[in-house]
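Chains as they are written, first to last, in my numbering: chain E, 142 to 315; chain U, 28 to 301.
Bear in mind the hints are in silico, worked out from the structure with no lab data behind them.
Where hints are given, some of them may not hold.
Stated by the list, open to error - Pair ranges (Cβ atoms, derived):
no.: 1; chain 1: U; residue 1: P61; chain 2: E; residue 2: A201; range: 31 to 37 Å
no.: 2; chain 1: E; residue 1: A201; chain 2: U; residue 2: M190; range: 47 to 53 Å
no.: 3; chain 1: U; residue 1: K72; chain 2: E; residue 2: A186; range: 45 to 51 Å
no.: 4; chain 1: U; residue 1: S77; chain 2: E; residue 2: E301; range: 26 to 32 Å
no.: 5; chain 1: U; residue 1: A249; chain 2: E; residue 2: A201; range: 25 to 31 Å
no.: 6; chain 1: E; residue 1: A201; chain 2: U; residue 2: E69; range: 21 to 27 Å
no.: 7; chain 1: E; residue 1: L245; chain 2: U; residue 2: D162; range: 53 to 59 Å
no.: 8; chain 1: U; residue 1: A65; chain 2: E; residue 2: A311; range: 30 to 36 Å
no.: 9; chain 1: E; residue 1: R278; chain 2: U; residue 2: G192; range: 51 to 57 Å
no.: 10; chain 1: U; residue 1: M281; chain 2: E; residue 2: D153; range: 38 to 44 Å
no.: 11; chain 1: U; residue 1: R197; chain 2: E; residue 2: D295; range: 21 to 27 Å
Stated by the list, open to error - Distance condition first, Cα-Cα at most 30 Å in a straight line; then the derived DSBU-like pairs of lysine-lysine:
no.: 12; chain 1: U; residue 1: K208; chain 2: U; residue 2: K287
no.: 13; chain 1: U; residue 1: K110; chain 2: U; residue 2: K72
no.: 14; chain 1: U; residue 1: K110; chain 2: U; residue 2: K208
no.: 15; chain 1: U; residue 1: K208; chain 2: U; residue 2: K72
no.: 16; chain 1: E; residue 1: K205; chain 2: U; residue 2: K199
no.: 17; chain 1: E; residue 1: K169; chain 2: E; residue 2: K239
no.: 18; chain 1: U; residue 1: K72; chain 2: U; residue 2: K199
no.: 19; chain 1: U; residue 1: K72; chain 2: E; residue 2: K205
no.: 20; chain 1: E; residue 1: K205; chain 2: U; residue 2: K287
Stated by the list, open to error - Residues on chain U that point at chain E, a partial pick, calculated with CB under 10 Å:
no.: 21; residue: E69
no.: 22; residue: F171
no.: 23; residue: N222
no.: 24; residue: Y233
Idealized CB from N, CA, C, for every residue including glycine.
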Amino acid sequence: MAGSPGQVPEPDGLWQGPMRSETPNSLKGATVVDTDAFTALRNRAQTVVLDVAPADERPASMPKDMPWMPLHRSIPGAVWLPGAGSGSADPAFEAAFKTEMERLTAHDRDQPIVAFCHPQCWGSWNAAKRLVNLGYRHVYWYPEGFEGWQNQHDTLVIEEEPGWETTIHAARQE
Amino acid sequence: MMEGGLIGTGLCACASLLMIGISLPAHADDSSDPAREARWIEIEKTIFGSRTATPDETIVSLDASERAEDAALVPIAIKLNVKAPVKGLYVVVDDNPAPIAAHYIFGPAAYPEAIKMRGRVNSYTNMHAVAELQDGTLVEAVRFVKASGGCSAPMGMSDEEAMQGIGDIRLKLAENTVPGKPAEATLMVRHPNFNGMQMDQDTHGYTPARYIQTIRVTDGDALVFTLSGDISLASNPVIGFGLIPQPAGQLTVMVDDSEKAHWERSFALPTATN
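Chain U extracted, bound-state conformation (with noise of 0.2 Å):
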């Protein structure tokens, strides 16, 4: 039932304007490039330090897709086996300036099976999702995107507009929820994220970087989730993620920026009738 049980957001930190690559012909620029493989390494010790990832599909597994139609809204799948004892996940962009695009933590309340986001990707890079297993072992799975030039490009709107409403948080549930069950929701917190990279249409300056730092989710006194974000997450992101409903439950998100700005908003769990 967690088919659809998502954790979405953007990532980004770069600067170009919007381009994609889609029909390409065949070169040798792809994952297992010799200088991305090293910059995999530089970005793992710095990271992980001494410890290293090592590939399993049973574990965790990642898509990104290559035809998207939007390089700032690249969908991203990530999958990891929720019998694995999966204590965080890191979903790292290998040539973005801030490579450590989101880093979840996962508490007692979180059913981490599939988590979707939409990415957003600068130039043709190395993608990689690292589950951090409780006991420090580190499983990675690797993608290497083809799309580009979704960092700097401007939201379409005026820094004025796209500061509106800010700090808004939503969620979408599904209709019941039964405690001990696993249940998908959809969190969507209105933040424009800006990274700093990108122009302001009207007065043609750079906007300065606001981005949200960290999201966490409890239900009742249980930790479903901490993301740790940076100027990667995208504007207005949009969370999908598992939790397993506690007794006598209350969601509670909790969004802290960059401007020490803090927005908090509680929601009951629909409960089954019967």
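Next up, chain E with everything else stripped away, as it sits in the complex (with noise of 0.2 Å):
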């Protein structure tokens, strides 16, 4: 079911299988790029660089006077939006994104826009997909994702784009 690496081929929609496993090496619609490539588009000003890695999740059984400090170190410029690439069909999710999405490129489909997360991972597949499903024309996925930078730069500690929690806890609520 994982498939092997350079074997998987690209779902038709959404990928709602395990989160973490091989990913294929293409994405119809969007550009595939590596660390050289990221960085190139990455310094261009008005690219998004969008982060859709999960945030960290404390373990219910943890004793309560056991520090939990989570942290999340990212590409320097990145917008977190932890959980954003959700294989969900879920309308309210979808809307979510949509909005979010909308805001962050101030509605400009021309906007360039690069999804990461971690290698072997299929969020950020999933949310350049949506985002081709979208409209966006110029879509990128960074599949070598933090880790593939963190190789050859600097990482920065950031926090969740404010709003994104609220915006989708309310979308679960619907």
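The task is to assemble the complex, starting from two chains supplied on their own in separate frames and drawing on the hints.
What follows is the structure, given as structure tokens:
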């Protein structure tokens, strides 16, 4: 099911299988970038760099006095929307994602957007796929993700994009 | 003789796949990065309140391999000065969400000269070893570790397989021990230590966290050490440790996990015949 490197076919729609497994090498309608190409792309002022890596969750059984201090390291300049790579077909989730991306791109479907999370992480594939489906014309997918970047460049601790949690929470309530 | 005295555990609490940075171009992202220092100050305050740790290599030193073949098993070596009144040891992985990977409290039967462990490291991070002395003084050593992704790496087997033999406790001891003369031992506990961030390869869901919370080792009535862990302990931890064998001693190992399961096993100390 998980497939081998280089042999994973693109699903027709969004991926709803295990989020951490081998991914395809391609994404129809989007451009796959390696670290060098990503770096060049990132240096363009207009590019939205989208981090969809999930947030760490505290195990319920962890003792209360055990310090829990999650921190999210990312690529400098990235916007972090944890969970935005979900393959959910829930219309409320789709609407929340669409609204957030329109806000980040000021409704400009020509604005370049590059999605990433980690290696072998379907979240960024899904997010890029969703962007293509929403009509964005310059969508990029950076499958090497945070680890690929970290091997060559400095990282930065960033916070979740303000409002995203509220948006996504509201979507789930509907 | 305690050169090889080990206390080994794995550490981790994170969420990404296996990747290791080995040949790295130089960049500023190292232990002296101001943001990383700020993170440590925050952790220090959370764990120790107003007390702060001072580096002193004559008491504690830390070595962590940057050339680990496997980010889930980054070798870490801690050396403690046994002449210093060391009460306990914290092993902290700064960037982990649960930064305290291990907290050891040593008892009168401990001989904690060299501690070795293998840790899982998620992103490039500072790692701290903090020795707490009897008077509460804190002494630290720090190391920047460039390995990443060892945290949500699947165990390479189904959860069912990973659960097999849970609670099995084994101990390797030096062939002969002499009461009062430091000896080394290696403890192996079978436990998947699911950190809640690994994905079941069969069901595709996240495996709920289930992990060892304490390991207590005594020799007769004397404590060797208590180890408190959390989701940071690796699967099937291997814990090497030094001890001072007690006269007519018997090692007892007690393991408790987050599901309130308890395992216990005793081992006779093999004594020298002459």
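Hints, verified against the model:
no.: 1; hint: P61/U <-> A201/E: 31 to 37 Å; in the structure: holds, 35 Å
no.: 2; hint: A201/E <-> M190/U: 47 to 53 Å; in the structure: violated, 19 Å
no.: 3; hint: K72/U <-> A186/E: 45 to 51 Å; in the structure: violated, 38 Å
no.: 4; hint: S77/U <-> E301/E: 26 to 32 Å; in the structure: holds, 31 Å
no.: 5; hint: A249/U <-> A201/E: 25 to 31 Å; in the structure: violated, 36 Å
no.: 6; hint: A201/E <-> E69/U: 21 to 27 Å; in the structure: holds, 24 Å
no.: 7; hint: L245/E <-> D162/U: 53 to 59 Å; in the structure: holds, 54 Å
no.: 8; hint: A65/U <-> A311/E: 30 to 36 Å; in the structure: holds, 33 Å
no.: 9; hint: R278/E <-> G192/U: 51 to 57 Å; in the structure: holds, 55 Å
no.: 10; hint: M281/U <-> D153/E: 38 to 44 Å; in the structure: violated, 54 Å
no.: 11; hint: R197/U <-> D295/E: 21 to 27 Å; in the structure: violated, 44 Å
no.: 12; hint: K208/U <-> K287/U; in the structure: violated, 36 Å
no.: 13; hint: K110/U <-> K72/U; in the structure: holds, 28 Å
no.: 14; hint: K110/U <-> K208/U; in the structure: holds, 15 Å
no.: 15; hint: K208/U <-> K72/U; in the structure: violated, 38 Å
no.: 16; hint: K205/E <-> K199/U; in the structure: violated, 35 Å
no.: 17; hint: K169/E <-> K239/E; in the structure: holds, 19 Å
no.: 18; hint: K72/U <-> K199/U; in the structure: violated, 38 Å
no.: 19; hint: K72/U <-> K205/E; in the structure: holds, 17 Å
no.: 20; hint: K205/E <-> K287/U; in the structure: holds, 16 Å
no.: 21; hint: E69; in the structure: holds, 7 Å
no.: 22; hint: F171; in the structure: violated, 13 Å
no.: 23; hint: N222; in the structure: holds, 7 Å
no.: 24; hint: Y233; in the structure: holds, 9 Å
Hint check: violations occur at hints 2, 3, 5, 10, 11, 12, 15, 16, 18 and 22; the rest are consistent with the structure.
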